[in-house]
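*Asks:* As a plain string of letters, each chain reads:
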Amino acid sequence: MNHVIKAEFRRLTATRMWLWALVAAVGFGGGLVGLLTAVGPENFDPPMPALESQEGVRSLLGVLGFTVFVPAALGTLAVTSEYRHRTATFTFLFTPRRWQVLAGKLVTFTAGGMVYGLVLTGTAALGLFGAAAARGATVGMDTAEVLLLLLRLAVTMAVYTLLGVGLGALIRNQIVALAVVVGYLYMGELILLMIPGVNIVYPLLPGGATASLTSFTYIADALAEKMSTDAASLLSPVGGGLLLAGYALVAAVLAVLVPMRRDVN
Amino acid sequence: MSTRTSPATGPEEQRIEVSGLTKRYAEVTAVEGLSFSVEPGVVTGFLGPNGAGKTTTMRMILGLVAPTEGTATIGGRRYAELRRPSETVGAVLDASAFHPNQSARGHLRIYAAMGGYPDSRVEELLEQLELREAAHRRTREFSTGMRQRLSLATALLGDPRVLLLDEPSNGLDPDGIAWLRRFLRSFADEGRTVLVSSHVLSEVQQIVDDVVVIRRGRLVAAGPLAELERSTRPAVLVRSPDAERLTAALRAGAHGAAVSVEAARDGWLRVRGVDSSQLADEAAAAGVRVHELVTENASLEELFFQLTSDDPPRPQGPQEAAGPEPAGTGPAAAQSGQPGRAERSEQSEQSEQPAQTEGSLR
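In the order they appear, the protein sequences are chains Y and W. One point on numbering: in the numbering used here, the residue at position 61 of the first sequence is 61, and numbering is uninterrupted. One point on numbering: in the numbering used here, the residue at position 157 of the second sequence is 422, and numbering is uninterrupted.
These aren't lab readings, by the way, just hints derived from the structure by calculation. One or more hints might be untrue.
Reference listing, derived: stretches of chain W covered by chain Y, where coverage requires no fewer than 3 residues with Cβ under 8 Å from a Cβ of chain Y [what the hints assert, rightly or not]:
1) 340 to 350
2) 373 to 385
3) 449 to 458
4) 487 to 495
Think about it this way: if two alpha-carbon atoms lie no more than 20 Å apart in a straight line, the pair counts; the simulated SDA-like pairs of lysine to any residue are [to be verified]:
5) 6(Y) to 96(Y)
6) 6(Y) to 399(W)
7) 6(Y) to 381(W)
8) 6(Y) to 256(Y)
9) 6(Y) to 171(Y)
10) 6(Y) to 103(Y)
11) 6(Y) to 66(Y)
12) 6(Y) to 385(W)
13) 6(Y) to 383(W)
14) 6(Y) to 54(Y)
15) 6(Y) to 122(Y)
16) 6(Y) to 17(Y)
17) 6(Y) to 170(Y)
18) 6(Y) to 110(Y)
19) 6(Y) to 18(Y)
20) 6(Y) to 16(Y)
21) 6(Y) to 100(Y)
22) 6(Y) to 97(Y)
23) 6(Y) to 406(W)
24) 6(Y) to 384(W)
25) 6(Y) to 114(Y)
26) 6(Y) to 349(W)
27) 6(Y) to 352(W)
28) 6(Y) to 19(Y)
Think of the CB as a built atom: it goes at the ideal place given N, C-alpha and C, for glycine as much as any other residue.
Between the sequences and the hints, there should be enough to build the whole structure, so can you do that?
*Replies:* This is the structure we're talking about:
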């Protein structure tokens with residue numbers, strides 16, 4: 001098992017993908033949050049709560065939740081690229097107990113997703129406090145609370161990496177898997193939210209769980225207002241976190257079980 | 266080979282046993298009731314036209330494809346049950362199974378880690394397979410020959426006792442093929458097991474000791490190549506307006522007991538058991554007219570073609586086109602005839618010259 005994990009870490013660092021992932025983390029974290037802070041959420045169109053308010057900080061950092069597609073896509077690629085480039089043959093020849101391969105990928109990419117999350121949120125903290133200081137604005141949330149929120153976001157990134165690995169194992173075709181993962185995260189849930197009645201289940205969907213974990217309800221609220229439906233009430237952050245962990249667990253179990261009997265042609 | 270010493274294992278530890286192996290997909294049966302064994306110490310050729318089920322069989326032996334029925338074992342164990350799979354078996358199934366953005370060294374280091382082999386083994390193989398210069402380059406820049414060597418290097422990481430190669434000479438230049446032959450020979454001479462598949466008999470003819478021939482997923486022939494060669498008999502093709510009288514005369518003649526006659530098309534006969542001068546003499550003695558006489562040199566290729574042809578007996582009057590080609594032989598198939606063999610001449614009627622079409626298996 002240790003051999004497999006070591007091999008997967010080598011695989012992760014054998015191409016420059018990890019470098020691009022870090023560039024994305026810094027760009028979305030420090031770059032995006034710094035930019036939004038510099039502009040000021042109160043100046044958005046439509047305006048969001050000001051940076052000086054707790055709600056303003058929460059919404060601003062919650063935007064990071066939209067970038068979960070990056071770690072999700074990385075996790076998906078971890079499995080699908082093995083099929084696309086046919087390295088799955090060598091991999092399963094060296095490790096015929098296939099669950100070990102997927103377990104190795106889950107361990108490696110959960111760690112990788114966590115690193116991604118920490119770089120994302122670390123640079124986001126720099127962007128937030130740096131841009132706020134430059135504007136002379138005060139951040140309307142305790143530093144400790146900001147850091148805790150960011151840590152929750154970092155964990156979210158790791159969980160989505162795991163979800164990506166699971167989906168990649170299920171849908172081996174790289175293009176289809178990526179389209180499903182990114183398409184669902186971007187549009188699928190928002191469309192569900194718009195359907196009256198169906199939005200009741202939103203808190204139980206991955207996006208809803210993510211929203212409660214990151215305390216980012218702005219979109220859900222705004223949509224509910226616009227559609228004049230009741231805002232779907234989200235789970236508590238802990239509940240959302242547990243639910244998301246449950247999704248990740250299901251993805252992990254599927255990732256380990258599904259390739260067992262499938263033919264590798 | 267490597268400086269590593271291989272674990273001392275008896276021949277029974279390295280024998281591949283395939284028994285009643287069957288693979289059915291929704292609509293096709295790729296392999297049906299296939300049984301054979303592959304012995305250590307010799308190079309075994311796994312032959313058959315494209316689409317005969319060779320790759321599926323190899324993938325079943327390696328546990329990548331689950332058989333519908335039957336078993337395939339290496340040293341008595343299924344692949345997934347091997348204690349140290351990559352130390353026992355090395356296999357190359359895809360001509361190019363690398364991430365295009367990884368370097369050759371990067372690729373090998375991943376699998377060295379997975380098998381638990383030291384990085385020095387990677388350097389050793391890069392050296393042995395003449396990839397050191399290219400080790401840092403991304404595999405997308407590699408030529409076919411380099412890809413083949415990198416695949417082989419991956420398979421050899423664990424210094425395995427058993428080697429399975431699927432169509433290894435595809436895309437290799439003559440030097441590469443010569444190198445591969447020497448390599449496989451020395452590998453087998455060390456008492457190891459080699460199974461190498463090909464749809465071109467002539468490509469492996471010089472290196473294989475044993476053959477397993479399959480067609481449409483079923484076993485057609487298996488055993489030492491030399492035995493198979495002995496079973497080939499030369500034939501004479503004869504065109505006569507008095508075919509029936511000629512047949513009768515030959516059967517009644519001096520060589521009658523050994524003679525076999527079968528009808529080819531348009532008045533041509535294929536006669537075995539006599540050579541062309543004996544046939545001509547007997548025809549003259551019987552007063553039977555003979556318009557054309559062609560010696561058909563029996564070759565192993567011919568036999569292989571007969572064994573693997575979908576439509577035996579082979580339709581191959583000299584006027585005909587190259588005969589049925591096994592599925593998948595492309596236009597490249599008909600290139601490079603070997604001189605000195607008159608067979609299945611495509612255009613003999615038109616050109617008077619027996620043309621070469623080794624078509625079938627090239």
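*Asks:* None of the hints should be skipped; say for each whether it holds.
*Replies:* How the hints compare with the structure:
| no. | hint | verdict |
| --- | --- | --- |
| 1 | 340 to 350 | holds (count 4) |
| 2 | 373 to 385 | holds (count 7) |
| 3 | 449 to 458 | violated (count 0) |
| 4 | 487 to 495 | violated (count 0) |
| 5 | 6(Y) to 96(Y) | holds (17 Å) |
| 6 | 6(Y) to 399(W) | violated (24 Å) |
| 7 | 6(Y) to 381(W) | holds (9 Å) |
| 8 | 6(Y) to 256(Y) | holds (18 Å) |
| 9 | 6(Y) to 171(Y) | violated (25 Å) |
| 10 | 6(Y) to 103(Y) | holds (12 Å) |
| 11 | 6(Y) to 66(Y) | violated (31 Å) |
| 12 | 6(Y) to 385(W) | holds (16 Å) |
| 13 | 6(Y) to 383(W) | holds (12 Å) |
| 14 | 6(Y) to 54(Y) | violated (43 Å) |
| 15 | 6(Y) to 122(Y) | violated (27 Å) |
| 16 | 6(Y) to 17(Y) | holds (17 Å) |
| 17 | 6(Y) to 170(Y) | violated (24 Å) |
| 18 | 6(Y) to 110(Y) | holds (14 Å) |
| 19 | 6(Y) to 18(Y) | holds (16 Å) |
| 20 | 6(Y) to 16(Y) | holds (18 Å) |
| 21 | 6(Y) to 100(Y) | holds (12 Å) |
| 22 | 6(Y) to 97(Y) | holds (16 Å) |
| 23 | 6(Y) to 406(W) | violated (26 Å) |
| 24 | 6(Y) to 384(W) | holds (13 Å) |
| 25 | 6(Y) to 114(Y) | holds (17 Å) |
| 26 | 6(Y) to 349(W) | holds (17 Å) |
| 27 | 6(Y) to 352(W) | holds (18 Å) |
| 28 | 6(Y) to 19(Y) | holds (19 Å) |
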